[in-house]
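Listed below, chain by chain, are the residues.
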Amino acid sequence: MSSKYFKRRRKTKRPFKNLSRPIPLDSQFERIKSSFPNLIIKEKKNDKFTVIIKLRPDLFSKEYEVKIVYETYKPISVYIVNEVLEIAENRNKLPHVYNNKLQKICLYAKDGGRWDSSKSIVSTIIPWASEWLFYYELWLIDGIWQGGGHDEYINENFTKHEQ
Amino acid sequence: MKQLYKNNINNILEELGKELDISKSEHEAAVKSYEAVGKWLSDENSPLNYFNPKILPQGSFMLQTVIKPINEEDDIDIDLVCKLEKKPDSWTQKELKNQIGNRLKENKDYNRMIWEHENGENYEEGGRRCWTLKYSNHAGYHMDILPSFTDDNLSILLEKQFSSGSDLNTDELAIRITDKESDNYPTEKDVNNWLKSNPFGYAKWFYNRAIISSKRLFSLKESIDPVKAYEDEKLPLQRVIQLLKRHRDIMFSNGEFDMEHKPISIIITTLATRAYDKENNIVDAYINIVKNMRSFVEEKVNPDNGKLEKWVSNPVNEEENFADKWAEIMEKQDYFYLWLDKLEEDMGNMLVLEGKGQNESNKFFSNSYGDKVSKKVFSALGENKRLLRESGNLKMETKTGLLGSSGIKVKDHNFFGKVDE
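Top to bottom, those sequences are chains A and B.
Numbering (our numbering) for the first sequence: 43 to 205.
Numbering (our numbering) for the second sequence: 1221 to 1641.
Keep in mind the hints are simulated off the structure, nothing from the lab.
Built from N, CA and C at the ideal position, the CB exists for glycine as well.
A few of these clues could be false.
[Said to hold, decoys possible] Coverage of chain A stretches by chain B, computed from C-beta distances (three or more under 8 Å per stretch; other residues unrestricted):
hint	region
1	86–92
2	120–126
3	135–149
4	178–187
If we strip away everything but chain A, and leave its shape as in the complex, we get (with noise of 0.2 Å):
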């Protein structure tokens, strides 16, 4: 009975989407571990998990080793860690990455639809990745980002229309 209360009530208050309740930590390391039984657990804390999980895109993809650390009230982490990834021969730099060093990608943008914790990073930052690895494959090709988001190469465009 109670239970059914709570839903009616949460569906009267969804509007206000910052009112979401967040995941809690234990339940987000529990779907991931469902949808990926592979995974190899780094770490695991009371308000902190490291796992690595084994993505590819597509059938003509490679597999890759994809990194994800998530603490309690910081941004979620997630880096490409089981090789050091090509660069478009156009290009000197990874597309849409914090570091390129650290293979830290970027899956989000910070304003508009920014991810927080009531979503599941099974269903949002894991295809995420998995799409930025198949946008990155063909990046490979000609240096052309095609996934949307911000505009990498946004001078590139200038110039040539100045030539």
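Position chain B relative to chain A; hints supplied.
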């Protein structure tokens, strides 16, 4: 090989085929051009009007296996038959050729186009069998018009043959053509002693094998309609032939070979069509054809010199060997087998691209079919995936992270990152 991977390859081959094909507007422009030629020849003021002249597509344009040339500046060849009926007894081969040539030259545009092909070299007498009209660089094609006499009832026969099933009595579709290099060119008046050719019989043979019941995309009849609509959806055999022709063009364009001797399209088309076993998708058709093409090259003793020669017989004229030049010019035969070897090797590699990276797959398809078309296909894959996500239809498989149509729904988001590192 896993079915899922096979589907992926099928998708890539299909998209590559579309990129190699001429566009709808190119097709329509060509049709419009040759219809205009037909109209000019049959116009009531034309001296040829009495002979009921008609222009019909033949060759790859009729089989719908045309591909774009590798170099954008190069022309597409469009092969056409110009058929006349009611041959006057007095006409020789030369007379027919010149009658058609003269009428074309009466039109100042066609006159210029005949002149502009090969810088007027064939202006007086035309090529060996054809008159060639060189259209503007912008149009990007030239037309080979083959003068011929046909049975007075050819149109009816074509209609009959191409509206029914497998009856392969193609002899009655044969036409008589002229050959500048034959001894009797200026003298022979009996059409039965002229060179025989059967492009429509060949087309009937081809479509009989190409059409699969489960995917009957258009009626056979439409293939002989001179103004038939552009077909966006091609039959698996048509797509495979386009891919094979492009594979050949790429291989022989690297400067290592004398392009002159590359395998000719009619040999590729004939062998592929013989090997095709009504597979209903491109990848299965491709695998079967590449594996088995080789076995359809026959060997026959040449009665003139007793030597064993390679044969690729014309399916509608067993006497004709499409590979007759191989005996004279060894490179032609060697090149054909070098190409087959490469084709088989590349197919083996194509089937094991799984897990090597999309960029590596792109490299493979670039090497086989061209840089530009391959990039376009992979780029379209990226675009489609992004649209799928934005419309809320992209999903990710658990355990593997595979993006597609099953698993967890992928929420929309924007990639970000520091602009300055």
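Do the hints match the structure? See the list:
no.: 1; hint: 86–92; result: violated (count 0)
no.: 2; hint: 120–126; result: violated (count 0)
no.: 3; hint: 135–149; result: holds (count 10)
no.: 4; hint: 178–187; result: holds (count 7)
When held up to the earlier numbered hints, the structure conflicts with 1 and 2 and fits the remainder.
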